[in-house]
Structure formats: structure tokens, C-alpha cells
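Trainee: Below are the chains, spelled out letter by letter.
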Amino acid sequence: MDSSSLCPCSEHLAMATVPKQEWCEPYDLITALEEGTIFPCLNLTFYKAPANKCHCKTHSMSGDVQKNREEMMSRLTAVSFAINDLTLYLDTHPDCPKGRELFYQLLEERLSLLTAFSSEFYPLTQTSMITGNYDRMKYGWTEGPMPWEGACI
Amino acid sequence: MFVYEKRLQFPVKIKNTNPDIARLIMSQYGGPDGELSASMRYLSQRYTMPVKKVGGLLTDIGTEELNHMEIICAMVYQLTRDLSEADVKKAGFDAYYIDHTKGIWPQAAAGIPFTSLEFQSKGDAITDLFENLAAEQKARTVYENLLRVIDDPDVVAPLKFLRAREIVHFQRFGEALEMTKDTLDSKNFYHFNSEFDRMKGKIL
Ligand SMILES: [Fe+2]
Numbered sequence: 001m002d003s004s005s006l007c008p009c010s011e012h013l014a015m016a017t018v019p020k021q022e023w024c025e026p027y028d029l030i031t032a033l034e035e036g037t038i039f040p041c042l043n044l045t046f047y048k049a050p051a052n053k054c055h056c057k058t059h060s061m062s063g064d065v066q067k068n069r070e071e072m073m074s075r076l077t078a079v080s081f082a083i084n085d086l087t088l089y090l091d092t093h094p095d096c097p098k099g100r101e102l103f104y105q106l107l108e109e110r111l112s113l114l115t116a117f118s119s120e121f122y123p124l125t126q127t128s129m130i131t132g133n134y135d136r137m138k139y140g141w142t143e144g145p146m147p148w149e150g151a152c153i
Numbered sequence: 001m002f003v004y005e006k007r008l009q010f011p012v013k014i015k016n017t018n019p020d021i022a023r024l025i026m027s028q029y030g031g032p033d034g035e036l037s038a039s040m041r042y043l044s045q046r047y048t049m050p051v052k053k054v055g056g057l058l059t060d061i062g063t064e065e066l067n068h069m070e071i072i073c074a075m076v077y078q079l080t081r082d083l084s085e086a087d088v089k090k091a092g093f094d095a096y097y098i099d100h101t102k103g104i105w106p107q108a109a110a111g112i113p114f115t116s117l118e119f120q121s122k123g124d125a126i127t128d129l130f131e132n133l134a135a136e137q138k139a140r141t142v143y144e145n146l147l148r149v150i151d152d153p154d155v156v157a158p159l160k161f162l163r164a165r166e167i168v169h170f171q172r173f174g175e176a177l178e179m180t181k182d183t184l185d186s187k188n189f190y191h192f193n194s195e196f197d198r199m200k201g202k203i204l
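First to last, the sequence lines map onto chains A and B. With our numbering applied, the first sequence corresponds to residues 1 to 153, in that order. With our numbering applied, the second sequence corresponds to residues 1 to 204, in that order.
It cannot be assumed that every hint is accurate.
What the hints assert, rightly or not - Listed next, the in silico BS3-like pairs over lysine-lysine satisfying Cα-Cα at most 30 Å (straight line):
hint : chain 1 : residue 1 : chain 2 : residue 2
1    : A       : K48       : B       : K90
2    : B       : K122      : B       : K53
3    : A       : K67       : B       : K15
4    : B       : K13       : B       : K102
5    : B       : K15       : A       : K48
6    : B       : K102      : B       : K187
7    : A       : K138      : A       : K20
8    : B       : K138      : A       : K48
9    : B       : K52       : A       : K20
10   : A       : K138      : B       : K90
11   : B       : K53       : A       : K98
12   : B       : K6        : A       : K67
13   : A       : K20       : A       : K48
14   : A       : K67       : B       : K13
15   : B       : K138      : A       : K20
16   : B       : K15       : B       : K122
17   : A       : K98       : B       : K52
18   : B       : K53       : A       : K20
19   : B       : K187      : B       : K15
20   : B       : K102      : B       : K90
21   : B       : K13       : A       : K48
22   : A       : K138      : B       : K13
23   : B       : K15       : A       : K20
24   : B       : K90       : B       : K6
25   : B       : K102      : B       : K52
26   : B       : K122      : B       : K138
27   : B       : K187      : A       : K20
28   : B       : K90       : B       : K13
Claimed, not checked - Some chain B residues flagged as far from chain A (calculated, every beta-carbon gap over 10 Å):
hint : residue
29   : D20
30   : G92
31   : W105
32   : T127
It should be emphasised that the hints constitute simulated quantities derived from the structure, not laboratory data. Ideal placement from N, C-alpha and C gives every residue a C-beta, glycine not left out.
All chains should be modelled from the sequences, with the hints used to inform the complete structure.
Mentor: Shown next as C-alpha cells:
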């Protein structure tokens, strides 16, 4: 960015330096969620944390509605997490075109997922009560499990 | 302001009751390097940050730490929700149970209550950013200590995710330190405190 970033550490005593991250091609969004970052270059693993697949199995009894809801929630979780991680990246790299492009693309997908989830199941945010065709007679917290219950949704 | 969204940042779906593990994980709720400390640290420091982009980063990371606090609480809850009278007696959860039954309350693994003495907001941008770099490393260590002693894959998955976030946050605070240094005199970063002696800094 400026001349000091060319030779960051040799000039300054009594000061630390962390190198600035370069853009690296992100993981697919499901892998990114499992690994805890969208950026392979920042995924510095611990030996005792094995690769782990999402463990919520669709019950055979539950049919298409359950399957559809789980898939939509999984996608929403992955897209929203990628936005969380990109937000922090853009906070320190506001001028990165690749980061911004992916950010806006994911924000649009997230908005349509929230709307679809609200229309088909129940609203996750107040705004998504009006962006889809959610039944306005059904106001309240009672629809859908609380997030901390660990239900397969 | 903060707005609630009815889902977790990372899914928590734990099948097996395990109060022993719950007592350990609770430290990342109310312990010295826990997520409650983390969120309060960043959300407190941001008001006086001289570099606007750094105040923004503190807001975004502080908000993410609130999500992590919720993930930890969901883990403690699911590990103890089916607790039986027999479980309480045999599993090292008895002292907690006496005071809180199965309620979720912020304390460290060793039983020390949550306290703001565990984090700092020092009113000096350089000092606070080093506090945050250290805090992310301390939290990483705790998650690794937990991963070393826990084998339940339902518990390992969110712990692994949370550990990875500490490394990403460390990187971002490092970049915030660089942005802050860019506004200071590189011949002597300590010539003035950019939060107190405001007029001396370059406004970015
Ligand atoms: Fe963190």
C-alpha cells in the first residue's frame, strides 16, 4: 500500500508486524464452514482436529419437506458464514475487487435464501417476515425450534 | 444496534450427554479467554479507536464473538439437558449443579465467575491491538487444550471451527495494527497516544 509495507520489519525497532493477506482462491462454501475460514491460506490446522462431515442426518420418516428445509438451512449457514469471513477480509482490504465481487454475489444469494426460508417454513429475521409471502397471522417465536436446541432443520 | 437472527453461525447438534465436557467447555463462555470476554473487549475498545476502519473491524469481530458465545452456550446446554440425578453425582458437575442446576451461567472451568478484569480497554490503539492479538492466541490455546481431551465428533466439529476463527481474527488484528501504524510517525510510534493526543495524528 505504501513504501513502509515493502520493508516492514527491518526499519522499526520495538514494533511488531503481521504481513497483509493476499487474496487466495476461496474453498467451496461447505468446506469453508467446516474448516472455519473461506481462505485456504489462513487454514492453519491443529493435529487433533480431524476433517469432520456435517452430522445431521435426514430421518427416513420425514420426507421431502424435512429434506428441503435442511438443505436450505445448510446452504444459508454456509453462505452467511462466507459473508462473515469476507466482511473481516474487506474491513482490512476494502479495495480488493475479487473480494467485493464475491461479497455482493453472496449477499444477494443470502437475501433470496432468507426470503425463501420464510415463505416455505418460518422467518429467521424480522425483515424476512415481509420479503417473502409469510402468513401474517402467524406472528411469534413459537414456529420452528430455538437455534440452540440442535434440531435437524 | 444488534438484530437477532434465529440460527447459529455454526450448527451444534450434540447427541450424548456429558457434564464433564460441559464443565470444561463452559470456560469459553465465562472463562479468562472466553467468548464473552472477547466480545466485550472489542465492543468496548471501538468507541475511542482513532482509525475509523479499525473501529469498524472491532465492531464486526466483536459481533462475531457474540455468535461464538451463543455456540458455546448451545454446546453446554445440549451436553447437560438430559442430565440425570446419577450423572450429577458422578461426573464432576455436582458443584456447578448445586448453584445453577442446569442453568447456563458464565464461569471458568475452575469455577471462577466471569469478570471484566480478564480483558482490557486501555485507550491506546497500539496497546489495545496488542491486547487483541494476544487474546486471540490465548483463545486458540484453550480450544486446542479442549480438542486434545475431547473425542466426541459432535463436540469436536464446532470447537475446530471456533479455533480456526481465532487465527483469522489474529490476522485481521495484525492488519489493523498496520493500518494504525500508517497514521503514525514511523520514526517513533510512541511519540504520542493517538487516542488521547488526538490532534497530533493524521486523520484517515
Ligand atoms: Fe476471536
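Trainee: Which of the listed hints are broken here?
Mentor: Violated: hints 6, 7, 10, 16, 19, 23, 24 and 25.
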